[in-house]
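**Q** Single-letter residue listing:
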Amino acid sequence: MINFNYTIWILLIPFLMFIFLGLAGHKFFPKLSGVLGTTGLGIVTVLSYLTAYNYFFLSEKVDEAYQKITAFNMVWLQLTDKLHIDIGILLDPISVMMLVVISTVSFMVHIYSLGYMKGEKGFERFFSFLSLFSFSMLGLVLATNIFQMYIFWELVGVSSFLLIGFYYTKPSAVRASKKAFIVTRFADMGFLVGILILSFTTKTFDFIALTDPNGSAITQGAGIGFLGLSVMTWSMIFVYMGGVGKSAMFPFHIWLPDAMEGPTPVSALIHAATMVVAGVYLVARMFPIYAISAPAALEVVAWVGAFSSLFAAVIACTQTDIKRILAYSTMSQIGYMMLALGVSGYGGHEGLGYMASMFHLFTHAMFKALLFLGAGAIIHAVHSNYFTEMGGLRKYLPITHITFLIACLTIAGIPPLSGFFSKDEILAAAFHHNKILWAIEFLVAGLTAFYMFRLYFSIFWGKETHYHHTPHEAPATMTIPLIVLAVGSIFAGFIPFNELVTTDGKGFETELEMMVAVPSVLIGLIGIVVAWVMYKKETAIPDKLAATFKYSYKWAYNKFYMDEVYLFVTKKIIFRFISTPIAWFDRHIVDGTMNLIASITQVSSFRIRGFQSGQLQKYGFVFVTGTIFLALLLIYFWR
Amino acid sequence: MNSGIPLQYFLILATIMFFAGIYGFLTRRNLITILMSVELILNSVNINFLAFNRYLYPHKLEGMFFSIFVIAVAASEAAVAIAIIINIYRRFTTINVEDVNEMKF
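Protein chains in written order, with numbering that gives the first Met the number 0: chain U, 0 to 638; chain E, 0 to 104.
Be careful, since some hints might not be right.
[As the list claims (entries may be wrong)] Computed, partial: chain U to chain E, Cβ under 7 Å:
#1 GLN66
#2 GLN611
#3 SER612
#4 GLY613
#5 GLN614
#6 LEU615
#7 GLY619
#8 PHE620
#9 VAL623
Rather than coming from a laboratory, the hints here were simulated on the basis of the structure.
Quick reminder that beta carbons are idealized off the backbone N, C-alpha and C, glycines included.
Extracted from the complex, chain E is given alone in its bound form (with noise of 0.2 Å):
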């Protein structure tokens, strides 16, 4: 139970996390790299999960379950999202997400 580390280390670095992730999908013009921020994101969550878990109901295992079922869906997730940068690139022959900008009024 007591593994030493506080609670609010893993909460800090998750937050961290979470907001660089924010920072890079606000800030990076390159798909692949909003890409990676996002995966930042899920991966902060993550962690929140498993600390809760762990800190707060240590005989449960649902935080457990949700992380993997989070890496699950961020894995799919990832294929998909290459898949789609790819097409755009064929189309357009550049992954700059500012000049992918067709979709508008």
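If we strip away everything but chain U, and leave its shape as in the complex, we get (with noise of 0.2 Å):
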């Protein structure tokens, strides 16, 4: 057995920065806590690969399947002699993929951050803010029971605010951090009602009782339901629920577009690559109970995911603002990982989405963390969020440029790039077990393409824009991020999870099926030309086609009015019927009663206070008389 203590310090280190940051960075050393942090997040990143090759390489398999390892437990909270919440560490495959994407993510962000947000005010809170996500994100995905996994959950939902209101003078900053933390914590509601039912059927909150495929847990909630669905696949649909706030998949979308307002950086870390995704790695983590007794649970993950990542990527088409693009682009892909898991079954070959939606999750970090640390080096030059701004840009910003490509045509599924491989996967999982859904997937696939090349050929080539000041490329910081991302982004692709991270443990063969990926390689070639038509040169198809098709249009880049049915289902519905009552009955009927109770104590003070005259013998003449009368009425009625 190898020794995994140390993966302890994995959690320890970004907290204690987070600490020490937060206290001392102000005051002492303004300009060196980027580095300190960064440093940090170096050791945790060596730490993490460390991990990761001891665990996929040296860790010993039992029966050719990779063990669940519990490197470390304690009991945090002891409430009663059953129930108690742990805190610990897991290790399985799927951990250990997220602990590498997460540590080399944030360790980029850190570096890259170091060039962007330098000279801003609040750098050390930057920084500070920056180690509290890493160590919340890092603990979620290493928990070992649901509960500790609710608790990061709550922490990386906190971190997200904190970093998306950094800029906190800022009105409308504020209002996206508010608006996150709300949805998200919204849809948490769910995902906590969801534990409540799942751990009181289960008697358990520990992932590995939970999710053995051969344990009683599993069995558990089978037989008796509501609405025709059994207790467990309500519990997971629950659960999910926080899956789909987390995840911002539709209906609780509304708040990634928004929460671009925070650093650009941010949005890569934590919009983009990492907690985002802890939706995805929720399902995942309880995948055996969803494939094997909640099938349900797990048709409805699949719809939603697939027709999340539709209409994520046709109001992508049509948005301008390249950060909400990404946003979007974001939320569909979200999609295509929540429909890979749910098109999967266990085990074996079975099991070929879940290893394409974890594959996808890996290279998905990789080159969206590209593309929004690109679209930070453009807007760092541009100083503008809108690409109608921009044009032509190639010839100032070369690496960028370079980096950006190579991330559009990963994420159009372009061979040999990473993207093409993950995407297969998918799109050949979702062949086998539905044909719609596969459909749905295929024209997204297309509108992909499409819709990152618009950005791309826009940014990059179109219409000579004249720059107040000539754009200059970013500093090394900032570049060096770009490429090992892109480096990644390119070779990600051949890293066989198949081998390595599969619902069961064991590896699986799988082969390149031409049925599957030739069409999709076309139709992302197909969107690429499209774009290259309309956007390579300034032309009038685009507004010609917004013209001909004026109402879809209008709807899409109206992003289908969601906000405005939130805001009519909060404002003019919850606010009107069911709060303004609440709250008169609280002002009037609750502070009446206490306002009434208050006065007449005091009216009625204010009256006898009189008796009180400070006159001995007045006293000593009423106790008198009174106990005369006591005494006469206790002979009169004593008889």
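Relying on the hints, combine the two individually framed chains into one complex.
**A** Structure (structure tokens):
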């Protein structure tokens, strides 16, 4: 056995760094805190890679399968003998994979932020929040039990809130951070309900006990049901609701585009690569339960994922804010991952979708972080978020241009870049499960290529815009992460995920299915060509098309009025018909009762205070009279 | 047992003393006199104790003991009360109870 005790430092270092920078950073080393935070994360990255190497190549396999290892466990809160909440570290293929993803992207974002955030007010605050986020995200993926996961789940929510609202003097940022927090918090309520139902039926929080396919927990709650679905299915649907909120799936996606108000490195780290895939990770973590005892919930996962990916892709085609396009693209890609989980089965080749989902999560983290960081470099150079104000930037930003192109090709699924492999596995899994889902994702693949290259051509080619001052390439701290992530995007596809990350821990054989792969590459190419025709040079085609499909364009441009629907539901319905009467009741009935009691006391005490005259003999007189009166009463009634 | 004086006489005496004490307590203005009235009340109670003990339960001694206890308490109470009165005098330069009315609303 390999000793995994050192993994505790993966959690402790960012946590200590957060406290250290948060408390001492401002006073003692405002300039140095970035380097300190980055160094800490660098150590974490090294430890994560070491863990991955040890786990995948050195640890003993039992029966050809990777084992789940509890590297560390302690009782954190002992409520009763049976009910206790533990904190621990669980190593299994997905958590180790997530370790690599999170630490890599986080490390790159730290380095990038050294350049991007240089000279900003609150530099050290930024790095302490980044450390907090890294800590909570790592804690989330390493959780041994669902309650620990819930705790860290909320912690990533709060660090996301803090980082979106980083520019807290900007009203839009404040609004966005509140929106993100409230929407995800609302979804997390479903998660909590799910946890409670689940743990009530299975009597355990522990992941190993919960997800053991041969264990007793997984068969609990299968019979008894509500509305035709079993208890387990309901609990899994509720748990999934939390995932929907965190992963910005329809209908809880509205916070993600607004979250782009945060600094761009934050968008890259939290709202593209790591935190938003927490929902996918959650489903993957509970996957044996979904697959074996709650297949109906798994259907829900698949359809929500498919719908979200199509929905987001259509919106992304009409937006002009580059960060928003990337946000919708993220939502669309996460839809892919959800769909892949939804169409997967358990064990061996059946688990192709599961493997594909994790694979896509991995590659997506690389190329989407790259896209965001590239967008950050562009914004840094042009000082605008709208690609309508850009054009012909390829001459000014050569490194950003090349890396951005690589990322776009990757997300479009062009072989042999990594996006091709992972997307192809997903499409193959969907193809064997349900042709409609496959058709949706096939269409989305084309749309993805189109909107990404629309973005690419508009920024780097297109019309020559006159800039106030010549845009210049970002400093080395910003370009190095771009290059590293570009290399990752190119080569991540060759990692044999089918050997490493599978439902039951055993590897299985996959082959490239030409039936699926060729059409998806073709539609990707078609998307690119269409974008090339429309946006390579400034043409009138986009405006003409927009005019032809006026209404559908307007709907998509306004994000299908989802924000307005939410505003209508909250302001017009919830506020007016629930909150206002409750507020009235609170102000007039509850407060009124209290005020009445208080004023009665005040008035009557004002009236009777004259009795307290300070005259000793008056008191004595009252006392004696009262005593005599009582004595007479007693005598009279005694008999 | 039969000493000639009926029980009622003792009770009448005690009642007169008690109400004299109450009257003095309520009407006198001098704190020392008020204290004396309180002593009068206590002594009337003592008389009651002793009389009842003597006439109703001649073989028991609880009444006696209780009146001794009351005398002891009365003595210490007088000491404390006089100490308080002296302090009041030092502060207000009067022992008229009507002038000592700081403790009010």
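**Q** Evaluate each hint against the coordinates.
**A** Evaluation of the provided hints:
1. The closest approach between the C-beta of GLN66 (chain U) and any C-beta of chain E is roughly 80 Å, which is over the 7 Å cut-off, so the hint fails.
2. About 5 Å separates the beta-carbon of GLN611 (chain U) from the nearest beta-carbon of chain E, less than 7 Å, and the hint is met.
3. A distance limit of 7 Å between C-beta atoms decides the matter here; for SER612 (chain U) the minimum to chain E is near 5 Å, and the interface restraint holds.
4. For GLY613 (chain U), the interface hint holds, since its Cβ comes within 7 Å of a Cβ in chain E; the closest pair sits about 3 Å apart.
5. Checking GLN614 (chain U) against chain E: minimum C-beta separation of about 6 Å stays under 7 Å; hint holds.
6. With 7 Å as the threshold, the beta carbon of LEU615 (chain U) comes within range of chain E, its nearest partner Cβ sitting at about 5 Å, so the hint holds.
7. Nearest Cβ of chain E to the Cβ of GLY619 (chain U): about 6 Å, under the 7 Å cut. The hint holds.
8. Restraint check, PHE620 (chain U) versus chain E: the minimum CB separation of about 5 Å is within 7 Å; hint holds.
9. At its closest, the beta carbon of VAL623 (chain U) sits 6 Å from a beta carbon of chain E; the interface hint therefore holds under the 7 Å criterion.
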